[in-house]
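Asks: Line order of the protein sequences matches chains A and B.
The first sequence finishes on residue 121 if you use the working numbering, and the numbering steps up by one all the way, no holes.
The second sequence finishes on residue 945 if you use the working numbering, and the numbering steps up by one all the way, no holes.
Derived from the structure by calculation, the hints contain no laboratory data.
A couple of the hints might just be wrong.
[Claimed, not checked] Once the Cα atoms are required to be at most 25 Å apart in a straight line, the calculated DSS-like pairs of lysine-lysine come out as: (1) B:LYS836 - A:LYS117; (2) B:LYS405 - B:LYS432; (3) A:LYS72 - B:LYS872; (4) A:LYS39 - B:LYS688; (5) A:LYS39 - B:LYS872; (6) B:LYS387 - B:LYS688; (7) B:LYS725 - B:LYS813; (8) B:LYS688 - A:LYS117; (9) B:LYS760 - B:LYS688; (10) B:LYS388 - B:LYS725; (11) B:LYS725 - B:LYS735; (12) B:LYS592 - A:LYS116; (13) B:LYS592 - B:LYS379; (14) B:LYS405 - A:LYS72; (15) B:LYS872 - B:LYS405; (16) A:LYS116 - B:LYS688; (17) B:LYS592 - B:LYS735; (18) B:LYS405 - B:LYS688; (19) A:LYS116 - B:LYS872; (20) B:LYS489 - B:LYS405; (21) A:LYS117 - B:LYS872.
[What the hints assert, rightly or not] Pairwise CB distance ranges (calculated): (22) B:PRO797 - A:LEU32: 23 to 31 Å; (23) B:ALA487 - A:ALA121: 44 to 52 Å; (24) B:PHE576 - A:LEU32: 51 to 59 Å; (25) A:ARG25 - B:ASN860: 53 to 61 Å; (26) A:ARG25 - B:GLU887: 34 to 42 Å; (27) A:LEU32 - B:GLU857: 24 to 32 Å; (28) B:GLU895 - A:ARG25: 50 to 58 Å; (29) B:GLU740 - A:ARG25: 26 to 34 Å; (30) A:GLY58 - B:SER913: 47 to 55 Å.
Quantities reported herein were computed from a predicted structural model and do not represent experimental measurements.
Glycine residues also receive a C-beta, built at the ideal position from the N, C-alpha and C atoms.
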Amino acid sequence: MTHSFGYSISQSRETNWDKLDHRFADKLLDLEPSVRLCVGCGSCTGTCTAAPRSGFDIRKVHTRFRRGEAGAFVAELEKCMFCGKCSMVCPRGVNIRNVMDLMKKLIEA
Amino acid sequence: MSTIPTHTFPLFVVPFLIGLLFISVWLLFLFLKWIGELDRNGLVKFGQNILTKKTLRAIGEVFMESLLHRKLFRKNPLLGYMHMCFAFGWFMIILIGKLEVIAYSGKITARPYVAIFFKHFVSPEEKFVRSGMYSFLMDFFLLMILSGLFLAALKRFRSKTLGMTHTTRHNRIDRWTLAFLWLIFPARFLAESIASGSEGYSFLTGQTGRLLASFLPVQQMEIPFWWIYSIALFGFFILLPFSRYMHIPTEVAYIFLKNWGLDKRRVNRGFTNFEIYSCSRCGVCIDVCQLKTQAGIGTVQAVNFTRDIRSGSLCEEDLKNCLMCGRCNEACPVGIDITLQKQMYRGQFARFDKNEFTYLNTPTPAEQSTVVYFPGCMSSLSPGIEQSMVKIMEQAGEDFKVLGDEQRACCGRPMLLSGNTEAAQKLIAFNRDFILSSNAKMLVTSCPICYKMFRENYQLPIPVLHHSEYLLQLAETGKIEMEKQQLRMVYHDPCDLGRGSKIYDQPRQLLQQAGTLVPSNFERENALCCGGSLGNTKINQASKDKITKHLVEELSAPNPELLATACPVCKRTIARHSSIKVMDIAEVVAENIRKKTIQPNVKEEFESLLK
C-alpha cells in the first residue's frame, strides 16, 4: 500500500439536480431533527472504529444522503459496527447512531 | 340458626363455580400453550429439574416473594404490608377454610364451594374439633385483608403515602377487575356477619353480626349478600386473565421456571410470555427510571413495555428509547429482567443483521504476550486511561500487549443491545479469534461494556478481568504500591460493571489505597446511569444532559475533590457537566503509584561495578 499521507485526489462527482431525490432526506430530518445541527466537521469519521480498515466515511455518506443520493449507499452502511463513538464525539450532539439506523430503515423500506 | 347439609346446592354458588371453572381451564390452556412454545433446551431443563431440590427452593421463593412480598417490604414497609395482606391473607383464608371443612365433615372430598360459603352451611352454634380456633383464624385473616384493602384505597388516592411518586393508570379492564377484587372481601365480611346473626362466630364477624342483628332484619339479608360475594368472585375470575391480576398465577409459574434454570438469554418465546405476564404493573419501576424522573419521558418504562407487548402496540420509538441501565431490574418486586426482554424484542427492528463486515476478513495475527489489554472503542476516546494502564503494567513488570484500534473490532455489545444479534455474533467471532491468536493467559479490558460482553457472550477459555479487578490483583500481590493521598473521592458505579456484572467492591478497595472514599446517595445497585449509555439509540442530547446534570449534582453533593469512575463512557459523559475533576480508576492508580526504589543489593552491585 502506498502512503498517501492522508491526502488523495477526490473522484470527480457530478451533481445533477435533475437526478436528486430528496424524499429520504426529508423523512430523515423529520424522524431525527438533530441532523439539522450537523456542520460537517467530520469528527464522526475521524473517530469511527470501522473507518481505518474499511474506509467507511460517515460524513460523506451523510452528506450525499442529505443531498439526495441515498440509493448509492446501501453497501456503505453495511460497514457500521454501531459502536457509538461518532455520537459520543459529535460536538453538535447529533444522534448519529440513530441516523445510521434511520438511513437503513428509509432505504430498505 | 340451623345447619344446612353440605350436600345441598344453593343457587348463589353458581356464579362462583362458573368463574372457578373458567379460570382453571383458561390458565391450564394458556400455561400448556406457553410451555409448548419453549425451545428444546427449555423443555430439557424443565424435565431434568422438576424432581430436584430446585423445586423446593422455588416453593420457598414463592412463599417469600409471592405471598409475603419481601422485596416490596424493602421498598416500603406499608406497600409491602398491603400486598402481603392480599396475597398471604387470601392464601391463608383458602387454606384454613379448606382445613375447617375437613375438620367439620371429616372428609377431604367436600364440594369446592362449601369452604368458600362455609358460614352459610354451618351455624355458629354448631361445635366441632377446634371450631373456635378455626373461626378465630378465619376472622383474623379476613381482618388482615380488610386492613390491606384500606391501604390500597389510600394508595389509589394518595400514592405518596406508600412511597410511590408515580404509579400506573389502569385501563378499563383493570378498573373493573379492581372493583370486583375490592368488593370480594367486604361482601364476604358482611355476608358472614349477617349469617352469624346474634350468635356470632368470632371477634370480627361475631361482633359485627350482633350489632347488625340489633337493628336489621338479618334473616332476609343473608342470601342477597352471599349472592354479591359470589358475583364478585365470578367477576374477578372472569376478568383476571385479561387484567394486571394475571400476575398472580403467572408469577408463581415464573418462579418455578426460573428456579429450574431455564435460560432467558435465548430467544425463548414460551418463557418470555411467563415473564411478561408476571408483571403486575405495580409501577415501582417508574420511580427509579431516570428517563421519567429527569427527562420527563413517560412512555418507555418497564410497565409501559409489558403493557404494550400484551396489547400488541409496542412501537420502535419507545422500545429503543431506553438506557438499558438495569435500575428497573433491581427495583422489580417480581424480578423481571426487563433489559434482556427489551434486547430480545429489539430484534424485531434489527437492521444491521445482514452486515457482512467483509473488511474484517483478513485479521492480522496478534503479538504474543501473557496479558492482552483490550482498551475498547470508548477507551480510545479517552487516551489517558490507556496510557495509565500501560504505565502501570510496565511498572508492574507484566508481559502485555495492547490490542490497538486498527487491529480489533467493536466488541459487539452495541449491536447486541440494539437487537442485532447476528451482526454481534460476527464481531464476536472476529475478536475472539484475534484475542486467542495472542496465546494470552488473561484478557484485561478497561471498558465495562466490553467486559460484560466478553464474560457473557464470548465463551473465552481464558479469564476476563475488568481493569479494576486486574489492578487490585496487582496491588494485592505487591506488584504495584500506591501512596495514600489526602484526597476525598466519590466513586460512580458504571451500569454494566455494577448492576450488569456485579463488580462493586474491587474499584472501591483500589481507590481506598489512593485516598478516602466518601459515599454519595446513589451507591452500588442503586447507582444512577450517567446518560451516555450505548443502549439508547433514540434519546436526544437535551434529555441526556438532564440525566447527566442530575447525576453530577448527586455525586458532587458530598464535596469531593475528585469523581472517580471505572468506565470511559461515564468518565467522558460526567466530565462534560462537572466542575470537579473526573478520573478513571486507572488514572488514579497511575498518578499515585509509588516509584519502585532500587533494591539495596542491586544498588551495591551497581556501585561495585562503578569501582
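Asks: A separate judgement is required for each hint: does it hold in the structure or not?
Replies: Now for the hints, and whether the structure bears them out:
no.	hint	in the structure
1	B:LYS836 - A:LYS117	violated, 36 Å
2	B:LYS405 - B:LYS432	violated, 29 Å
3	A:LYS72 - B:LYS872	holds, 22 Å
4	A:LYS39 - B:LYS688	holds, 23 Å
5	A:LYS39 - B:LYS872	holds, 16 Å
6	B:LYS387 - B:LYS688	violated, 44 Å
7	B:LYS725 - B:LYS813	holds, 13 Å
8	B:LYS688 - A:LYS117	holds, 13 Å
9	B:LYS760 - B:LYS688	holds, 10 Å
10	B:LYS388 - B:LYS725	violated, 48 Å
11	B:LYS725 - B:LYS735	holds, 12 Å
12	B:LYS592 - A:LYS116	violated, 38 Å
13	B:LYS592 - B:LYS379	holds, 10 Å
14	B:LYS405 - A:LYS72	violated, 52 Å
15	B:LYS872 - B:LYS405	violated, 32 Å
16	A:LYS116 - B:LYS688	holds, 11 Å
17	B:LYS592 - B:LYS735	violated, 41 Å
18	B:LYS405 - B:LYS688	violated, 42 Å
19	A:LYS116 - B:LYS872	holds, 15 Å
20	B:LYS489 - B:LYS405	holds, 18 Å
21	A:LYS117 - B:LYS872	holds, 14 Å
22	B:PRO797 - A:LEU32: 23 to 31 Å	violated, 55 Å
23	B:ALA487 - A:ALA121: 44 to 52 Å	holds, 50 Å
24	B:PHE576 - A:LEU32: 51 to 59 Å	holds, 52 Å
25	A:ARG25 - B:ASN860: 53 to 61 Å	holds, 54 Å
26	A:ARG25 - B:GLU887: 34 to 42 Å	violated, 49 Å
27	A:LEU32 - B:GLU857: 24 to 32 Å	violated, 55 Å
28	B:GLU895 - A:ARG25: 50 to 58 Å	holds, 54 Å
29	B:GLU740 - A:ARG25: 26 to 34 Å	holds, 28 Å
30	A:GLY58 - B:SER913: 47 to 55 Å	violated, 28 Å
Violated hints, in rising order: 1, 2, 6, 10, 12, 14, 15, 17, 18, 22, 26, 27 and 30; the structure is consistent with all others.
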